[in-house]
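> Once you've looked at the hints, dock chain B against the given chain A.
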Amino acid sequence: MPSALINVPAKARRGSVIEIKTLMSHIMETGYRHTASGDVVPRDIITSFTCRFNGTEIFRADLYPAIAANPFITFFTTVTESGKFEFEWIGDKGFSETAQASITVE
Amino acid sequence: MTNSDHATRRTFLSLTGGAAVLVIVRPADATPAMLQAAIRNVVGEANVLIGKVKLDIPPLVENGNTVPMTVSVTSPMTADEYVKSIHIFNEKNPQPNIGNFYLTPRAGRAQVSARIRLADSQKVTAIARLSDGTFWSATADVVVTLAACTEEAI
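Residue numbers (the UniProt record's numbering), protein chains in the order written: chain A, 1 to 106; chain B, 1 to 154.
Isolated chain B, as found in the complex:
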């Protein structure tokens, strides 16, 4: 191997390395318009804060057709202070909404589980509306090996 080969390889590696870093440091709020619109539809002009919500979803799934998901919110469930609703969104399915769950103070625990479909590797966002009018969220990245939704029916 000659010196110039080395230089080229190094240049190439540094370039690809640089590109990878660029992808990783992309701002967290760079969500597609469709997802952003769906979220605005629920929260209106309110600020969505990050925290209180825990989104349990496997980071890597083989089959996007049934992905187990659990959302829990750190909040008391009393008549004065409780979680009113939990909304789940995705980034790349044909529709941004996954499900809306409406709770009452008598839920006892602000936790909901369901099995969902993911059409592609993407972000899943859970937003909780509290009785005091604040919104809290959590986002998780899921890598999907086999996509759901759009496969051909027989």
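Chain A extracted, bound-state conformation:
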């Protein structure tokens, strides 16, 4: 099962503004919870999300424990040419995931 869900329109008109929706499956453990025996549950969150289009960064986010589990982030971009979106999530405990989506601009 893929851990990332990406929603990018397959086609768009040149110059139009599209919405990109991203969802990454992750617990986002805050580091502020305790077990019944009183131990702190160690923090395990995604700290950074980046979106690149044809190699150029177009959107980036710093995430904190206040971001809900399974981070769902949506944003917009203007499309001028066909190409590939690359998404990258980086987090605690060496977490790193990537995803891609292509768009045809006409």
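In case anyone wonders, no lab produced these hints; they're calculated from the structure. Some hints here could point you the wrong way.
Claimed, not checked - In silico BS3-like pairs for lysine-lysine, Cα to Cα no more than 27 Å straight-line: (1) B:Lys-123 with A:Lys-93; (2) B:Lys-84 with A:Lys-21; (3) B:Lys-92 with B:Lys-123; (4) A:Lys-84 with A:Lys-21; (5) B:Lys-123 with B:Lys-84; (6) B:Lys-84 with B:Lys-54; (7) A:Lys-21 with A:Lys-11; (8) A:Lys-21 with B:Lys-54; (9) A:Lys-84 with B:Lys-84; (10) A:Lys-11 with A:Lys-84; (11) B:Lys-84 with B:Lys-52; (12) B:Lys-54 with B:Lys-92.
To be verified - Far from chain A by the CB rule (all over 10 Å, computed), these chain B residues: (13) Met-34; (14) Ser-75; (15) Glu-81; (16) Gly-99; (17) Tyr-102; (18) Leu-103; (19) Ala-107; (20) Gly-108; (21) Leu-118; (22) Leu-146.
Bear in mind that the values here come from a model prediction, so they are computed numbers and not experimental data. C-beta atoms are modelled at their ideal positions from N, C-alpha and C, and glycine is treated no differently.
Structure of chain B alone, referenced to chain A:
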């Protein structure tokens, strides 16, 4: 009921009424030090103006674990004039920061959505940094019935 009872009840009501008013008219900038510090960390000495930013968040949520939030900024998104970043803060979570979002002129529209956690009923503040160096903000009050973050894990 005797007259003195009436008087006591009236006195009590007027006192509580007065207290409620006191709470409501508390100045808007009476934010806790932690939140104030987190905001200063981002904006430095700059003045944060109120306006341009729209913070869409439900005023009452049942579950603080996933609260949908959308921030949009009224601004052109051109190479000369655009929104550089959007920063979200809260008042009462263990940490004041929620998220920082960095945009470019090619975003087309200065709008970001995410789902956040709120540990308590509190204020959420969104601040946008524009390319001309000005900061704009919006604040919303959210009432949370079931808190997030600090509940016991199993």
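> State for each hint whether it applies.
Results for each hint:
Proximity of Lys-123 of chain B to Lys-93 of chain A is assessed by CA-CA distance (about 31 Å); at most 27 Å being required, the pair is judged violated. In summary, the hint linking Lys-84 of chain B to Lys-21 of chain A is supported, as the alpha carbons are separated by about 20 Å, within the 27 Å threshold. Our distance criterion of 27 Å between C-alpha atoms is met by Lys-92 of chain B and Lys-123 of chain B, whose separation comes to about 8 Å. Only pairs whose Cα atoms come within 27 Å are accepted, and Lys-84 of chain A paired with Lys-21 of chain A is accepted, the gap being roughly 15 Å.
Between Lys-123 of chain B and Lys-84 of chain B the alpha-carbon distance is near 23 Å, which keeps this suggested pair within the 27 Å criterion. Distance hint between Lys-84 of chain B and Lys-54 of chain B is fulfilled; the C-alpha atoms sit about 16 Å from each other, no more than 27 Å. Proposed proximity of Lys-21 of chain A and Lys-11 of chain A is supported: the alpha carbons are some 15 Å apart, at most 27 Å. Distance check on the hinted pair: Lys-21 of chain A and Lys-54 of chain B sit about 20 Å apart at the alpha-carbon level, within 27 Å; holds.
A C-alpha spacing of about 23 Å is found between Lys-84 of chain A and Lys-84 of chain B, which places the hinted pair at or below 27 Å, so the restraint holds. Using a Cα cut-off of 27 Å, the hinted pair Lys-11 of chain A and Lys-84 of chain A holds, with the two alpha carbons roughly 12 Å apart. The suggested pairing of Lys-84 of chain B with Lys-52 of chain B holds, with an alpha-carbon distance near 14 Å, which does not exceed 27 Å. Of the supplied pair hints, the one linking Lys-54 of chain B and Lys-92 of chain B holds, its CA atoms being roughly 21 Å apart against a limit of 27 Å.
Consistency note on Met-34 of chain B: stated as away from chain A, and its beta-carbon is indeed over 10 Å from all of that chain's, at 13 Å minimum. At roughly 13 Å, the least C-beta separation between Ser-75 of chain B and chain A is larger than 10 Å, which holds for a residue marked as non-interface. For Glu-81 of chain B, the condition that its CB be more than 10 Å from all CB atoms of chain A holds, with the nearest at approximately 15 Å. The Cβ of Gly-99 of chain B does not lie farther than 10 Å from every Cβ of chain A; its closest approach is about 5 Å, which violates its non-interface assignment.
With a least beta-carbon separation of about 4 Å from chain A, Tyr-102 of chain B fails to lie farther than 10 Å from that chain, contradicting its non-interface assignment. With a minimum CB-CB distance of about 7 Å to chain A, Leu-103 of chain B fails to clear the 10 Å threshold, and the non-interface call is violated. Residue-level check failed: Ala-107 of chain B sits 5 Å from the nearest beta carbon of chain A, not beyond 10 Å. At roughly 3 Å, the least C-beta separation between Gly-108 of chain B and chain A is not larger than 10 Å, which violates its mark as non-interface.
At roughly 8 Å from the closest C-beta of chain A, the C-beta of Leu-118 of chain B falls inside 10 Å, breaking its exclusion from the interface. Here Leu-146 of chain B stays apart from chain A, with its beta-carbon at least about 13 Å from theirs, past the 10 Å limit.
Checked against the numbered hints above, the structure breaks hints 1, 16, 17, 18, 19, 20 and 21 and satisfies the rest.
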